[in-house]
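Participant: Listed here are the chains, written in short residue letters.
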Amino acid sequence: MDYTPLWISIKTATIATIITFFLGILISYWMSNFKGKSKGLIDGLFTLPLILPPTVVGFFLLIICGKNGPVGKLLELFNTSLIFSWAATVLAAIVVSFPMMYRTTRSAFEQIDINIISVARTLGLSEFKIFYKIAIPLAMPGIIGGLVLSFARAMGEFGATLMIAGNIPGRTQTMPLAIFFAAEGGDMQKAMLWVVIIVTLSLFLILILNYWSEVQLKLMGRRTK
Amino acid sequence: MSLYINIEKHLPSFDLKVNFEHKSGILGFLGASGSGKSMSLKCLSGLVTPSKGKIIVNDKIFFDSEKAINLSPQKRKIGYLFQNYALFPNMNIIDNIEIGISNMKNGEKKSLSKEYIERLGLEGLEKHYPWQLSGGQQQRVALARALITSPEILLLDEPFSALDQHLRNNLEKELMSILKDYSGNVIFVTHDIAEAYRVCNDIIVYENGVSLEKREKKDLFKRPKNLSETTLTGCKNISKAKKTGKYTIYAENWGHEYIVKNEVSENVQYICIRAHDIEVCVNDETVNTFPYIIDNIIENPFEFTVYMKNHTNHLANIIEYKVEKKNMKFSLKDTVYLTFPQNNMFYF
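Those protein sequence lines, which keep their order, are chains G and D.
When the letters of the first sequence are read in order and numbered with my numbering, they come out as residues 1 to 225.
When the letters of the second sequence are read in order and numbered with my numbering, they come out as residues 1001 to 1348.
In isolation and in its complexed conformation, chain D is listed as follows (with noise of 0.2 Å):
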């Protein structure tokens, strides 16, 4: 199993480019709405030509546009799951499933349907219609009639984003069992992190219609390389950044200087620490430990916002903390000493 893809498209609102390569695993699309991640899967299936590029998927040329190769998306073998399923309704779901495999021959067409009718759950609706099943059903049909074509990649674009929270978290483990079975390559998109974590093995990162590089998801959360990846895994804390020696930097907006584990390069611009990350400390005696002010105080179901200002220097940026419920012991204009860990500050 392979993918390779280096393509540009022009867009009036932006000039696509993405280059990577991919050889096994689910591969995550995470960036904000709009960035590229649709477009790419257009591309990748041949809905939408590029304006330059090479397309390759288990060796198989899709896209060559100095060969002038360009398969349709009929000849591609790509499954390729809407964000609303996008079923026939004026198909009944055998119909629905069985569509994609109607050259068969009929007793062969059967039985295969009729095995991904129940490894997918769906016995007793085959009569009926889109309209009558609920949304977890409906996406059961989408991936049946996805999956039962063989396809050489499944492409998963957004598949929870139009339903409740509870259903999400359902239809997710649902679909994560399904795709162990599946032995092809799988692009999932999401602008959700915390689903892109739980689902993907890698991810990459869109920024304004540019692929960044290539990430292994545990990588990515830890030591995220760039102000995309950075505020896109939901770091809160960002300062601008500068070297004053070997092992120290200068937060800019903090207003403090961080003794850090690893050599600093030259051009550091960002320094950047998660608000879960921060530790409260009863003095400064431990490195990076500085005087905090309470500033303002969120409650959110299980957790506390808190945001810190600096004590001394009070044109610093606000500094946010997150804290579970049980271990909340503040209350607002509290002087605190906050440590911000070494292992867990990055910089780039």
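Bound conformation, chain G alone (with noise of 0.2 Å):
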């Protein structure tokens, strides 16, 4: 048995929770401090990849990154090319995670004391200070949380990889692909197989994902038992 799409999604899935999660961080904490008009229209945007089918994501992401459009033409002064290679999956992966670290992230700086953040503005720390020694770890059951469900959201990614990465064996098949793909070819057994290890791997997850937001939780005093 071939066990690639495993490790190209565990490939795939790690990359893309490490770009989303910086990523996740510095935006969410941009925008709960945002006060402009527009924020509503920001949320919405980052978190259209969330509520959209994944298939409107990959073509999305196929018309800017496909061919004619703009980064796929800036790609082709390189002469490289973004659709149907593995960057593409990680491409898809980042996109639809993205809003699950965005909104959890963003929700638990949201719900910092905000006492807390003008006592350390008047005690004389600079913002910067405030942002990596205050509100990170104020908020760090959430970024957690946000970093777990991130993971699995890429894991499991289909329709958007499908649709600009394509399924190519040894080269872009993830795990979620290699089921499809071995179902519709009537191979159920290999189908389930692949099955069993995502359940594994999912279920494993938010167990790590629960052990860890109570252990920080008991850092701060909110649990006592």
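Hints were generated in silico from the structure; no laboratory data involved.
Just so it is clear, the structure is predicted and the values come from calculations on it, not from any experiment.
Warning: the hint list may mix true and false statements.
Straight-line distance between alpha carbons at most 30 Å, and here's what the computed DSS-like set of lysine-lysine pairs gives [as the list claims (entries may be wrong)]:
hint : chain 1 : residue 1 : chain 2 : residue 2
1    : D       : K1075     : G       : K133
2    : D       : K1225     : G       : K35
3    : D       : K1042     : D       : K1225
4    : D       : K1173     : G       : K218
5    : D       : K1173     : D       : K1240
6    : D       : K1114     : G       : K133
7    : D       : K1214     : D       : K1017
8    : D       : K1225     : G       : K37
9    : G       : K37       : D       : K1067
10   : G       : K129      : D       : K1225
11   : D       : K1240     : D       : K1214
Here are the in silico distance ranges between beta carbons for each label pair [what the hints assert, rightly or not]:
hint : chain 1 : residue 1 : chain 2 : residue 2 : range
12   : D       : K1225     : G       : L26       : 53 to 63 Å
13   : D       : T1049     : G       : S38       : 14 to 24 Å
14   : D       : N1170     : G       : V215      : 32 to 42 Å
15   : G       : I114      : D       : T1286     : 52 to 62 Å
16   : D       : S1051     : G       : K37       : 53 to 63 Å
17   : G       : G66       : D       : S1033     : 55 to 65 Å
18   : D       : E1123     : G       : K129      : 55 to 65 Å
19   : D       : D1181     : G       : I114      : 22 to 32 Å
20   : G       : S38       : D       : G1034     : 25 to 35 Å
21   : G       : S107      : D       : K1127     : 29 to 39 Å
22   : D       : T1231     : G       : S38       : 55 to 65 Å
23   : D       : T1305     : G       : K37       : 29 to 39 Å
All residues carry an ideal CB built from backbone N, CA and C; glycine is no exception.
Join the two chains, each given in its own frame, into one complex according to the hints.
Facilitator: Right, dumping it as structure tokens:
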């Protein structure tokens, strides 16, 4: 049996989650302090990939990154293309997992007692110091939650990946794609094997998430048990 | 030590207008909740930017809308004690205290934090986290954290309001003894009349976002100058008033004419007396004495509140009278003579 879909999935989800992690923290912190009128609109755009069917997300990515799209034309200058490459699986995973990270982290930042941030300002702490010494540690349970959800979403990505990365065994075929094509080809045993692997991995992730946030909450005394 | 503030800020619920000058001692802000006391502190500390005006502390311009000066909260060096103390829950006590002086050299920092930990009686708690401390200990940590930066001015925003009554009194005493060693200006925000009286030297009353004239506290309680000061200092008996002579005032809601000591101004509007200041007499031979019927009696832990109905004019307002338990000798429907002593009445 060929296990490359497992490695491709893990590699894709890991790289995508790392990028989503940093991007998500920065953008959600910026948004939680943003007071402008367009806040609702910007928030909507960041959340959209969560609501839209993955095929629609894939369609937009295809238009932007395809041969005639702005990004596709730019890449053509360097004699490379994104479509049907492994990088496309990463891109699809980033776009669909970003809203998970963004929304969970933003609400964690917004739940921080405003007085704590205010008192830090009056004590002379720079805004950057407030961010990494106070806001990040206080939002940590939410950040971890967002991280695990993003990873799970990135690993489960199917629709957008199929549209912009295709189903090339050994290159862009991730586990969800392998399940679909195995089942379609009538190889139910193979499909079942992939299903078991995905369910086990996801369950494991959720257990880690629960344990980790419990530890974080205990550290700050929000749970005393 | 000096503080000058003259600012305006438009807010959704009211327009904030603050204007006063303060030289020394503890200044109290007294007002109902949502009257702009806390918002004033936020403007003073730079957390909120006023629409226009000027703030000068110890000859340093914090804010001047005309000169486009607006120092950030970080540069204002203000000690701000929040109602919930706002300790950093992710740091232990020593880190909480040292965070404001993290730019100092290590040795200097350690000796300074040691000094404050001793001064505020926090020895042994250095490695604890805020959630492991009692309310009183948390307050001392918050004070140490603010005082260690030697702030230009200390702002205390209802520091006792989250505590039980008996804890409150102890913490108040503690706070007062700590503040004795602090030479800067202190602003103390509260809605508790008795607390304001005990803690502060001068008091400013807030009325719908507007700061009224600064008053010496004894003077404020003895002679309120307007309706807000009267009600906020706890006066229960207030009547609309009309001048009837050079030294006489007719109280419309009480249905009596009173002889007063000082000349009455033409536009006198209200006449008031505190429930404690009314006296009971055996007959109506003293000045400003009128017959009343006891309408209702309410028992408090240490005193009675007696509601008195005008004997002759039944449309007149009920008068509230307070009497200590040991002096209580009335029962319902008794007729008594109430004297409104000239020294205790005030009118404006």
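Participant: Against the structure shown, which of the earlier numbered hints fail to hold, in ascending order?
Facilitator: 2, 4, 5, 8, 10, 16, 18, 22 and 23
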